[in-house]
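Undergrad: Spelled out from the first residue to the last, the chains are:
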Amino acid sequence: QQKVQQSPESLIVPEGGMASLNCTFSDRNSQYFWWYRQHSGEGPKALMSIFSNGDKKEGRFTAHLNKASLHVSLHIKDSQPSDSALYFCAVSMAGSFNKLTFGAGTRLAVCP
Amino acid sequence: GPKVLQIPSHQIIDMGQMVTLNCDPVSNHLYFYWYKQILGQQMEFLVNFYNGKVMEKSKLFKDQFSVERPDGSYFTLKIQPTALEDSAVYFCASSLSLGGLEQYFGPGTRLTVL
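Residue numbers (our numbering), protein chains in the order written: chain A, 1 to 112; chain B, 1 to 114.
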């Protein structure tokens, strides 16, 4: 059964700093990797996806995937107070009906 | 962007009663999902639904649970009868297709079973 683990549980970075979030998964048949962000009282909202090994950059956000190491990460450059939220890594398997397995989340606080 | 709505936002119910959670998915989406999040724990997949059928369900999707979307209206999760361990936030999601396409999540319904 797929296990998704995130670290750290919580992270405090200064405004303008770099935030690095990590996620490991257990099943080598994992195919699709997502980062979701959730603000208090709202549902999770997709931030970005990555499906191939390497880096994917979207604005201030860069995702990195290394399937051999069973590792995916998210890096937020020039962090803003509005980036403060709960970040989830979510993984789905090849051949599944898009079932997402979520990690427990990393709570990011960006301090002005 | 596209929005998924969930009604009600909160529901308090006595153990043993029936509850129906309603989801209004993104209008042209074809795949629908329910996830469960117990306070302080990670979100877990319950079920996905396409073309009137359950495609996949987890072990959390007990016999007391059922889903339907009659005539393209709300996508519903019914629990009958409810148990104390059903207390959680239930998130509905929808996607246009499979193949890694984004799932859009609603804001959740907080269910409290007394």
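Warning: the hint list may mix true and false statements.
[What the hints assert, rightly or not] Calculated cross-link-like contacts (lysine-lysine; reagent style BS3-like; alpha-carbon spacing at most 30 Å):
| no. | chain 1 | residue 1 | chain 2 | residue 2 |
| --- | --- | --- | --- | --- |
| 1 | B | Lys3 | A | Lys3 |
| 2 | A | Lys57 | A | Lys45 |
| 3 | B | Lys3 | A | Lys56 |
| 4 | A | Lys77 | A | Lys57 |
| 5 | A | Lys56 | A | Lys67 |
| 6 | A | Lys77 | B | Lys3 |
| 7 | A | Lys77 | B | Lys59 |
| 8 | A | Lys3 | A | Lys77 |
| 9 | A | Lys67 | B | Lys62 |
| 10 | A | Lys77 | B | Lys78 |
| 11 | A | Lys57 | B | Lys3 |
| 12 | B | Lys78 | B | Lys3 |
| 13 | B | Lys53 | A | Lys56 |
| 14 | A | Lys77 | A | Lys67 |
| 15 | B | Lys78 | A | Lys67 |
| 16 | B | Lys57 | B | Lys78 |
| 17 | B | Lys57 | B | Lys3 |
| 18 | B | Lys59 | B | Lys3 |
| 19 | A | Lys56 | B | Lys78 |
| 20 | B | Lys59 | A | Lys45 |
| 21 | B | Lys59 | A | Lys67 |
| 22 | A | Lys45 | A | Lys67 |
| 23 | B | Lys57 | A | Lys77 |
Derived by calculation from the structure, the hints in this document are not laboratory data.
Undergrad: Does each hint fit the structure? Answer for all of them.
TA: These are the hints, each one checked on the structure:
no., hint, verdict
1, Lys3(B) x Lys3(A), "holds (29 Å)"
2, Lys57(A) x Lys45(A), "holds (18 Å)"
3, Lys3(B) x Lys56(A), "holds (26 Å)"
4, Lys77(A) x Lys57(A), "holds (11 Å)"
5, Lys56(A) x Lys67(A), "holds (14 Å)"
6, Lys77(A) x Lys3(B), "holds (28 Å)"
7, Lys77(A) x Lys59(B), "violated (39 Å)"
8, Lys3(A) x Lys77(A), "holds (28 Å)"
9, Lys67(A) x Lys62(B), "violated (33 Å)"
10, Lys77(A) x Lys78(B), "violated (43 Å)"
11, Lys57(A) x Lys3(B), "holds (25 Å)"
12, Lys78(B) x Lys3(B), "holds (22 Å)"
13, Lys53(B) x Lys56(A), "violated (35 Å)"
14, Lys77(A) x Lys67(A), "holds (23 Å)"
15, Lys78(B) x Lys67(A), "violated (38 Å)"
16, Lys57(B) x Lys78(B), "holds (14 Å)"
17, Lys57(B) x Lys3(B), "holds (24 Å)"
18, Lys59(B) x Lys3(B), "holds (28 Å)"
19, Lys56(A) x Lys78(B), "violated (40 Å)"
20, Lys59(B) x Lys45(A), "holds (25 Å)"
21, Lys59(B) x Lys67(A), "holds (27 Å)"
22, Lys45(A) x Lys67(A), "holds (24 Å)"
23, Lys57(B) x Lys77(A), "violated (38 Å)"
Hints 7, 9, 10, 13, 15, 19, 23 from the list above are not met by this structure, while the remaining hints are.
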